[in-house]
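Chemist: If you use our numbering, the sequence shown corresponds to residues 33 to 147, in order.
These are calculated hints, taken from the structure and not from any lab test.
Positions of the beta carbon are idealized from the N, C-alpha and C atoms, including for glycine.
It is possible that part of the hints are untrue.
Unchecked claim - Cut-off 25 Å, straight-line C-alpha distance, at most; resulting in silico cross-link-like pairs (PhoX-like, lysine-lysine): (1) Lys-110 with Lys-100; (2) Lys-100 with Lys-85; (3) Lys-85 with Lys-96.
To be verified - Label pairs and their in silico Cβ distance ranges: (4) Gly-115 with Leu-60: 55 to 61 Å; (5) Met-73 with Glu-47: 34 to 40 Å; (6) Leu-98 with Thr-127: 39 to 45 Å; (7) His-51 with Met-73: 29 to 35 Å; (8) Met-76 with Val-53: 33 to 39 Å; (9) Leu-62 with Ser-41: 27 to 33 Å; (10) Asn-109 with Leu-55: 50 to 56 Å; (11) Glu-64 with Ile-112: 38 to 44 Å; (12) Glu-107 with Leu-60: 50 to 56 Å; (13) Gln-101 with Glu-64: 41 to 47 Å; (14) Arg-71 with Asp-125: 55 to 61 Å.
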Amino acid sequence: MPAKKISPSEPLIDELIKHNVALEKVSLELLESMNKMTRRMDRMLSLFEEAAKNIERAEKLDEKPLAKQISDLVEQNKTIARGLILIERFVRDKTTIGFNPTNLQSKPLPKTELE
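Model the full assembly from the supplied sequences, consistent with the hints where possible.
Modeler: What follows is the structure in structure tokens.
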């Protein structure tokens, strides 16, 4: 039998076929990932829609809307933050005064009436 003659382009064609098959596999994986992401986004959107309906229902039942409650909480947090800042400044001032080297020098005791 005569040996089959291999043209110089056959290895190139084989390589192109391998790359094309690999590219198709990657494309399928990407498509599957996109489908999964789309399903998850749909579920998340449904969750947000349901949450919005529940908030709306709760606001109708409650005399104080959620937005007002959140606003009140923000104001409370601001008040707490101001208080913490004042406490921090007070503590910082006291510790700075306490460690001042001029305060560490001995001072005579004040005289009392008994002396």
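Chemist: Kindly confirm whether 34 to 40 Å is satisfied by the beta carbon distance between Met-73 and Glu-47.
Modeler: 38 Å, holds
Chemist: Decide if the proposed pair is consistent with the structure: Lys-100 and Lys-85, CA atoms, cutoff 25 Å inclusive.
Modeler: 18 Å, holds
Chemist: Is 27 to 33 Å a correct range for the gap between the Cβ atoms of Leu-62 and Ser-41?
Modeler: Distance hint for Leu-62, Ser-41 holds at roughly 30 Å.
Chemist: Looking only at beta-carbon atoms, does the pair Gln-101, Glu-64 fall within the given range of 41 to 47 Å?
Modeler: 43 Å, holds
Chemist: Taking the CB of Gly-115 and the CB of Leu-60, does the distance hold inside 55 to 61 Å?
Modeler: Cβ of Gly-115 to Cβ of Leu-60: about 60 Å, so the range 55 to 61 Å holds.
Chemist: If you check the beta carbons of Glu-107 and Leu-60, does the distance land in 50 to 56 Å?
Modeler: 54 Å, holds
Chemist: Tell me if the beta carbons of Met-76 and Val-53 are separated by a distance inside 33 to 39 Å.
Modeler: Roughly 35 Å apart at Cβ, these two residues keep to the hinted range, so it holds.
Chemist: The hint says 50 to 56 Å between Asn-109 and Leu-55; measuring C-beta to C-beta, is that right?
Modeler: 54 Å, holds
Chemist: Does the structure keep Lys-110 and Lys-100 at a Cα separation of 25 Å or less?
Modeler: Since the Cα atoms of Lys-110 and Lys-100 sit roughly 15 Å apart, the hinted pair holds (cutoff 25 Å).
Chemist: Return holds or violated for the Cβ distance of Leu-98 and Thr-127 against the range 39 to 45 Å.
Modeler: About 43 Å separates the Cβ atoms of Leu-98 and Thr-127, which means 39 to 45 Å holds.
Chemist: Given the hinted pair Lys-85 and Lys-96, is their Cα-Cα distance within 25 Å?
Modeler: Within the cut-off at roughly 17 Å; holds.
Chemist: Does the Cβ pair Glu-64, Ile-112 satisfy 38 to 44 Å?
Modeler: Because 49 Å falls outside the window, the suggested range is violated.
Of the hints listed earlier, the one the structure fails to meet is number 11.
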